[in-house]
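Trainee: If you read the protein sequences in the order shown, they are chains E and V.
As numbered in our numbering, the first sequence has no gaps in its residue numbers, which increase by one up to the final residue, 288.
As numbered in our numbering, the second sequence has no gaps in its residue numbers, which increase by one up to the final residue, 696.
Here are the computed lysine-lysine pairs in the BS3-like style, where the Cα-Cα straight-line distance is at most 30 Å:
id, chain 1, residue 1, chain 2, residue 2
1, V, K547, E, K191
2, E, K105, V, K494
3, V, K436, E, K81
4, E, K173, V, K324
5, V, K679, E, K253
A short list of chain V residues far from chain E (calculated; beta carbon distances all over 12 Å):
id, residue
6, N103
7, S113
8, M174
9, F505
One-sided and incomplete, this derived list gives chain V residues near chain E with beta-carbon spacing under 7 Å:
id, residue
10, E474
11, G476
12, T483
13, M488
14, I489
15, L491
16, K494
17, E525
18, V529
19, G530
20, Q534
21, E594
22, A598
23, Y602
24, Y621
25, D625
Don't read these hints as lab results, they were simulated from the structure.
A virtual CB, placed ideally from N, CA and C, is assigned to each residue, including glycine.
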Amino acid sequence: MKKRFLLAIVLVLVIIIGFWFLNTRKISDSGLEQKTISQEKQKELLIDISLKFIQGVNGQGSLLKIRLFSRKLLQQDIDKKVLNTDKGKQIESLVVSCPEDFWNKSVTVMLSEKGKKKAEYHRPETEVQLIRAPEEKIWTFTPGKIYEALYEIPSSVILSPGTHVWIAATLGKERLRSNDIIVPSPPTGEKERLIQEASVFIYLENAEEVLRVAEKLISSFPDDSSGYWFKGMVLEITGNEESALAAYEQALKNFPLPGKEGNVEPPLRLVEKMRKLRSLAGEYQRAE
Amino acid sequence: MKGKKTIVIVILSMVFFIGNFFGKQEEIPFVWRGKIIVRQKKLPGPGLGASGEVITEWQLDVNWKETRKNDIRDKRGRLVGQMVKLEDNGSSWIGTTSGKFVNRSGETQYSGSGEGPGPVISTGYIYYSLSDDDPLKSVLPHGSYSFGSAPGQTQTFEETVTMISYGAPTEHTMNLPAYLGYYVSKSHIFFLPFGHIGGPTLDGPTSAESIKATIERSASLIPQSLPIQWDRETRVLDEGRMRGSFSHRWLNNTVVNEVEWDISKVSDIQCAMEKPNKYWRPKGGEEKNSLDIMAKIEKYDSLKGKWRFTLFEVSREKGYAMNKGERTELDLEFLEGQNDFTPPEKTEDGWVIESTKAASSMTVKVQSLDYGAWGKLKAEVNVEGHWYQCLTEYGQDYITIPYDDDEDHIADMWEEQFDVISQSAEEDEDPEPESKQDGDGFSNYEEYRGFFVNGIWREWYFSPKRKDIFIYDEIGMGVSYFTETGLMIHLIDKEEYDDDRIVNFNRGFATLASQDGQKGLYLCEEPLVGLGGQVWPCIGTPNVVDKVIIDTLDPFMKAVYAEKGAEGGFLKNYASSIAHELGHAVNMVHHGDEMWEAGNGYEIARRGGLWSGDICCVMRYSPPDRYLGSDNNIYPYPQEDPSSRTGYCSSSAGTGINAPGERIGPDGHPYPIAGNAEKGNCRYNITLKGYNKWGN
Chain E
1 MKKRFLLAIV
11 LVLVIIIGFW
21 FLNTRKISDS
31 GLEQKTISQE
41 KQKELLIDIS
51 LKFIQGVNGQ
61 GSLLKIRLFS
71 RKLLQQDIDK
81 KVLNTDKGKQ
91 IESLVVSCPE
101 DFWNKSVTVM
111 LSEKGKKKAE
121 YHRPETEVQL
131 IRAPEEKIWT
141 FTPGKIYEAL
151 YEIPSSVILS
161 PGTHVWIAAT
171 LGKERLRSND
181 IIVPSPPTGE
191 KERLIQEASV
201 FIYLENAEEV
211 LRVAEKLISS
221 FPDDSSGYWF
231 KGMVLEITGN
241 EESALAAYEQ
251 ALKNFPLPGK
261 EGNVEPPLRL
271 VEKMRKLRSL
281 AGEYQRAE
Chain V
1 MKGKKTIVIV
11 ILSMVFFIGN
21 FFGKQEEIPF
31 VWRGKIIVRQ
41 KKLPGPGLGA
51 SGEVITEWQL
61 DVNWKETRKN
71 DIRDKRGRLV
81 GQMVKLEDNG
91 SSWIGTTSGK
101 FVNRSGETQY
111 SGSGEGPGPV
121 ISTGYIYYSL
131 SDDDPLKSVL
141 PHGSYSFGSA
151 PGQTQTFEET
161 VTMISYGAPT
171 EHTMNLPAYL
181 GYYVSKSHIF
191 FLPFGHIGGP
201 TLDGPTSAES
211 IKATIERSAS
221 LIPQSLPIQW
231 DRETRVLDEG
241 RMRGSFSHRW
251 LNNTVVNEVE
261 WDISKVSDIQ
271 CAMEKPNKYW
281 RPKGGEEKNS
291 LDIMAKIEKY
301 DSLKGKWRFT
311 LFEVSREKGY
321 AMNKGERTEL
331 DLEFLEGQND
341 FTPPEKTEDG
351 WVIESTKAAS
361 SMTVKVQSLD
371 YGAWGKLKAE
381 VNVEGHWYQC
391 LTEYGQDYIT
401 IPYDDDEDHI
411 ADMWEEQFDV
421 ISQSAEEDED
431 PEPESKQDGD
441 GFSNYEEYRG
451 FFVNGIWREW
461 YFSPKRKDIF
471 IYDEIGMGVS
481 YFTETGLMIH
491 LIDKEEYDDD
501 RIVNFNRGFA
511 TLASQDGQKG
521 LYLCEEPLVG
531 LGGQVWPCIG
541 TPNVVDKVII
551 DTLDPFMKAV
561 YAEKGAEGGF
571 LKNYASSIAH
581 ELGHAVNMVH
591 HGDEMWEAGN
601 GYEIARRGGL
611 WSGDICCVMR
621 YSPPDRYLGS
631 DNNIYPYPQE
641 DPSSRTGYCS
651 SSAGTGINAP
661 GERIGPDGHP
671 YPIAGNAEKG
681 NCRYNITLKG
691 YNKWGN
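Here chain E stands alone, though its shape is the one from the complex:
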């Protein structure tokens, strides 16, 4: 009897205390202490992909240069240097296993023609041809490390000006997307067209074709430096140093003098090459 009475009292007290607690709890929760809803969200994607488009002219296919690198590691490196933080702390490199046949099977070239909603996609091995790619099976990304591959889109794939081109790639669970390239109108001037043609052959490491285009540039534009520049490069890498030096000297002679407007950068790459070739030929000794 007495027990029941005590039990009833306890129950009532529990109800009162519970009610009171809930009420006061509500008020204390409404204080000023705040927590942000989420902590700083880290970007999961650590690897970036960038696309360089080299437009083919005169019946050439266009080239796509794809680079894999880590912008995040580059930024970490900058922050460390500029903000002077984490002194002595090494930026950890990012090691990734290259998926099987990544460059052929995980990369897709996306094309979106102006006015069309749906993007076309082209895979290597079919319409798009892989020219060269790194052979490493383990990628070790550091600030500044780039893995690059070259693809060719055959001239049979029409790339009208205004078409968007980008690369989609799958890396583990991540989907990488490159920058968009908008296909430009082909160069209209003969000189620009020939320079563009030479550039494509340089990427393809086709020395013969570079030389052919260079000669054409020289015959059509003898006062311009570009033909001699390309000719010099081909002669240099094919071991014909003396002729290469002569071509470079002519290129330098034709190089426009710096003016107040336009570009002011001197052709020092050209000068460096000349110096190297002269050094090989022992000209320095003569100069001294």
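Dock chain V against chain E, hints included.
Mentor: Just chain V now, with coordinates in the frame of chain E:
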């Protein structure tokens, strides 16, 4: 059986207790608040040849409360009215005396003042009649009131009287007390229902007939001239307010007494709103965050009301960071689905939300959708049909979100952290690194709101003290020695600037009026003829330079890369070129005019030319073949130090082989090689904002 009954009784009594405890609501507390001005003007007596006047004025800030209520009954015992006592509840006052009397022999000056909190009545009452045939109807109509202060019973201040005699120049000063003394309504003269401060404290009569007789008797005794500010009218509430004035003169018009008053009955409900957490800042996008704001009824804990919170003057900046998002909606809102609240309703510049229950306090959650969101919030509580505005501890009827006392839309904690609290939101000072132009093209507000860099928004990342520059590096080789500028460099994704390369493309509030957005740099690769790099179309600020081009195409350089066997060799060959071109893209120029070098096929260095100045500076070039000595002979260019071209110079002075001082070098040739730079001091030339070109 008996046990069950006991339990039921216990539970019932507890329920009753709980109901009483939680359900009890205090009566709404009312107070009387308003102003009273008591003025006495003294003029010189006629025939004394004197002039001037002396005015003593009291300004009373009234706060009274109704304390006791005495029932008034007629001789039959019927309740005919209630006499309500007024007591001070926190009034304050200011008193001043000034003026002088002047006659031929001298003058008397009066001055003095005082102020403070304290009672300003020694007696006061209101009579509320409750019966149509109230015997007091003719002498004390419904709503009759009276209040006043007997001199010396409430406030005084010290008055200084200075007498100056012109004949024999003497000055005599004495201090006298100035007393607050005034009475409103004649009925008080012989009738004090609740006694008087300092006088009898016993209640007066409570019989209606007795009160009537007292008042009628006293009416015939009221003197025509009264020594103090003494009213001669019966005063009755006017639309619920005590308001009126009287003025009378005495002592042959040499004293003018004036009293004005306007006092209203208002609720004493005070509602307080807490300011937001000072260390909270708004965020947006996937990181959107919220803030709790509490408002409560003060002093009367059990008083409950319906609550209304209004967000107004809410920002509507585009996107949710300077370079992220496209939304144009309001940047603050009430969190949806809050317990005990109706769904929020949109207004022209914000939102309104109301509580669905009566409570003595309420907390509302405000959600931010933008890293730079701002707005104002007010809270009101409705108790028995009247809305009461909540105030902050400083008396403001709104709070700013975030905490922003200077209301420049930047959270104060951010400005304090960077010590820019005194600057406006539009300011763009960024003094570091020091250069000829302060600022980076982004205002303080824009840096506070922040930018996404490589997909991440980071707190405290953008400092209004340090110049920021954004680079879209399409190549992926980084910026090499460009970090040596000390600029805060941000490598962004392509979508983190717009098609015109503008980084603050969501700009709106507090953007720089001097330019149409600040651009980032585009670092890319293109085939160049004879060059390692180039800026296009010319040297200038990021707003001028369309692209920074590096040529990595050259098969010769590729051969070097292969030779070195690691990316390090490849990158080092380009490091100086990248830093050099990026230098041009922040308006740095070469160390000298290159016309002379061009004439010599860039093979011979000369004093003050391209190779001059601090050898560490990347704005110089890789060494030429030869140099022109001070004796006008040509000499082979010597080996440069490994530190050559790894940073930026801070003066035009030559260092190492270029250090000034004519001498013969270790190789027996004349030194310095290229000497001091004609231009140089590249760090000083860094210019980020505006449209400057060619180092200007």
